[in-house]
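Q: Throw the hints in and build the complete structure from the sequences for me.
In case you want the letters, here they are:
Protein chains: 2
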Amino acid sequence: MTSQFSDSLSQTTPDSAPAEEALANIKGIAFIEGGYCPIAEAKISLLDWGFLRSDATYDVVHVWQSRFFRLDKHLDRFLASVTRLRLTLPYDRAQLTDILTQCVRRAQLEDAYVEMICTRGMSPTLSRDPRDAVNRFIAFVIPFSSIANKEQRQRGLYLAISRVRRIPPESVDPRVKNYHWLDFIQALFEAYDRNAENVVLLDTDGNVAEGPGFNLFVVKNGTITTPARGVLEGITRHTVIELCAELGIDASKAPVPVDDLHNADEVFISSTAGGIMPVTRIDDVAIGNGNPGPITRKLTDLYWQKHNDPDWTTPID
Amino acid sequence: MTSQFSDSLSQTTPDSAPAEEALANIKGIAFIEGGYCPIAEAKISLLDWGFLRSDATYDVVHVWQSRFFRLDKHLDRFLASVTRLRLTLPYDRAQLTDILTQCVRRAQLEDAYVEMICTRGMSPTLSRDPRDAVNRFIAFVIPFSSIANKEQRQRGLYLAISRVRRIPPESVDPRVKNYHWLDFIQALFEAYDRNAENVVLLDTDGNVAEGPGFNLFVVKNGTITTPARGVLEGITRHTVIELCAELGIDASKAPVPVDDLHNADEVFISSTAGGIMPVTRIDDVAIGNGNPGPITRKLTDLYWQKHNDPDWTTPID
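Respectively, the protein sequence lines represent chains A and B. Sequential numbering from -1 applies to the first sequence in our numbering. Sequential numbering from -1 applies to the second sequence in our numbering.
There could be a bad hint or two in this list.
Intra- or inter-copy, both count: the list cannot distinguish identical chains.
Claimed, not checked - Here are the simulated lysine to aspartate or glutamate pairs, DMTMM-like style, with alpha carbons at most 20 angstroms apart:
hint, residue 1, residue 2
1, 41, 19
2, 148, 130
3, 148, 127
4, 304, 240
5, 296, 248
6, 71, 307
Hint data in this document are derived by calculation from the structure and do not stem from the laboratory.
A: Put into C-alpha cells, the structure is as follows:
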C-alpha cells in the first residue's frame, strides 16, 4: 500500500503480507491494461464487474516443454464463451495468440499454466447497466500445476461425493467457462472433513456431474462413459474421447448414475491442470482392485505422447 | 500500467482507458492491504481466489445524510456469511466498524454505498487447497446509487420474467451474500432484449425468486407476500416486514407463483441500493392500475422516515 492515505492500522495488522511476499517469488507474467508485468504486480480494479459480479469468462491452456497443447481448441472455446456472455474483446485471435506467446516467453517457463480472461470491466459512470461497461482482456502465465500431486497420480486420488449440487445449466451455461466456484469450494471443505482429497458433485437429477476444474470418466467392461450434460465441455475431456477413438475404445457421453461410479472397474478425471489422473477411492470405497487401471494408464501414456505431436501442439521459440 | 515490461501494444490499443480515467473522477475510498487509498488506486491481485474462483462474501450497508442505516444487521449477516464460507477475518467487529466509518469520513460523502468484502485470498505456495489461503478483508465507499432512477421510482419499474433460473440453494447457499451473478447478468440482457428495465428470476420450482440485487414483494387484497426460500435474506426485505408490523399490514414469507405476480394489486422491490421501489409493468402487462400503489407509497415513506431514527441508524461525525 503506497497511498498517502495509509495509516497506523496497516502497521498493526499485517493482513495478507505473507501471501504478498510469496507472490513476489512466483515466476509469472501477466498482460493487463495493454502491457506486460510480473505476476506480483498484476492487479485489477475492485470495481471491475469481473470481481464484483464474477461477470467474466476465462480459459486455460497449458504449455509443456515449450509447446502449447491444443491452443486452437482453447481459443475456439474462449471466443465462443466471450460471445455467449455478450462481451467484446479488444484483440483479435492473432493478437491473443501473440499476447499468450509473449507472456510465456517473458515468464521463461517451459511448462506453464496460461490463463486468458475477459471481464465485463466497468462503466465510466458506475452505471448498473452491463451494456455500458468497457470489457477488459487479461492474461497471465504461472508455473504448470496439477490437480493431483505425484503420489496421487501414482496411487490414484481419493474422492468424496458431496451433498452440494453443481450449479445447473438452467442457471449458468456450463459451456461458458466461469468463475462461479462456491459450490465446488463448499464441497471441497465437506470432502476434507471426510478425509478425502477432492470431490465429485452431482447434478440436480442426482447423476454424476463434475469436480472442481475436472471432468469424470467411468470405465466398465472396457467401455468408457462421461457425464453428458450440466458439465464443462472440457478440452481434455474432448481429447480423451479422441484418444479412445484412436485406441479403439468405446467412449460415450451419457448420464452417469452414482452407482456406476461406485461399481466402476476404473475411474479417472481429466483437466488441463494435470491431464488424465486416476481415481482409486470414492467415499472410502476402493474402485476396482484399488489401483489405477490399465485403460487409464494407456490413455494417460498416449495423452503425454501427444505433447510432441505437431498436429496438437504449437511451439514457442 | 507502470511496469518496465510495458510495450507498444499498450499504445496501439487503448483498451479500458476511458473507464480508468472516469474512475479517477469518482469520489470514493477503499481500505485494502491494511491501508486506505482513493478508489481509483484500489486493486486486488489477479491470483486472489476472490477473483479467480469468486470465493468471497460481501455485504453492503448504506449511509444516508451521514448516518449508517442498520449497520448492526449488515455486520451480523456479513460475519455469519464469513463463518459459513469458513473464512477468517483479520479484524473484529469493532475494528470493522471503525474501518467502514473511516472510509466514509475520508470519502467525504453524506450519502454513500459502503461495501465490505472477505475473499479467500491466496496461498503463499499457489496451492489449490483453500485451507492454505490467507483470507483478505477489503472495504470501499462510493457515492450512493439506486437500482431505479428518479423517473422509475415515480412511475414504477418495468420488469421482465427471465427464462434463466436463479442458482438454487442446493448449489450455493443464498444466505451467504455472494458474487455469483452470471444468472442475473444473462437474465438482464434477456430483459433488455424485451424492452424491460430489469428482471425477475424464478426458482427451480418455477416460483418467483429474486432479481439482481433485490427481493420482490406482492401486494394482494391488502396483504403482502415475499418469496420464502432460495433468495437473499435481504436486510431491506427484513426491514419491510418490520415496517409492515408497525403499520398493521399482514406480511409473510411464502412461495410466490408467477401468476400471483401478474395478478397482484401492487408489486415492489427492496434493496439497500434504493430502498423500496415500485414495479408497474411485468412482461408488458400493467400491474394493478399501472401506477405505484398506496401500500408501496406508505412503506416507502416510512422507510425513509426511519433514516432519522436513532434506533436504526449510526451517526458519523
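Q: Does the structure break any of the earlier hints, and which numbers would those be?
A: Going through the list in order, the structure violates no hint and respects every one.
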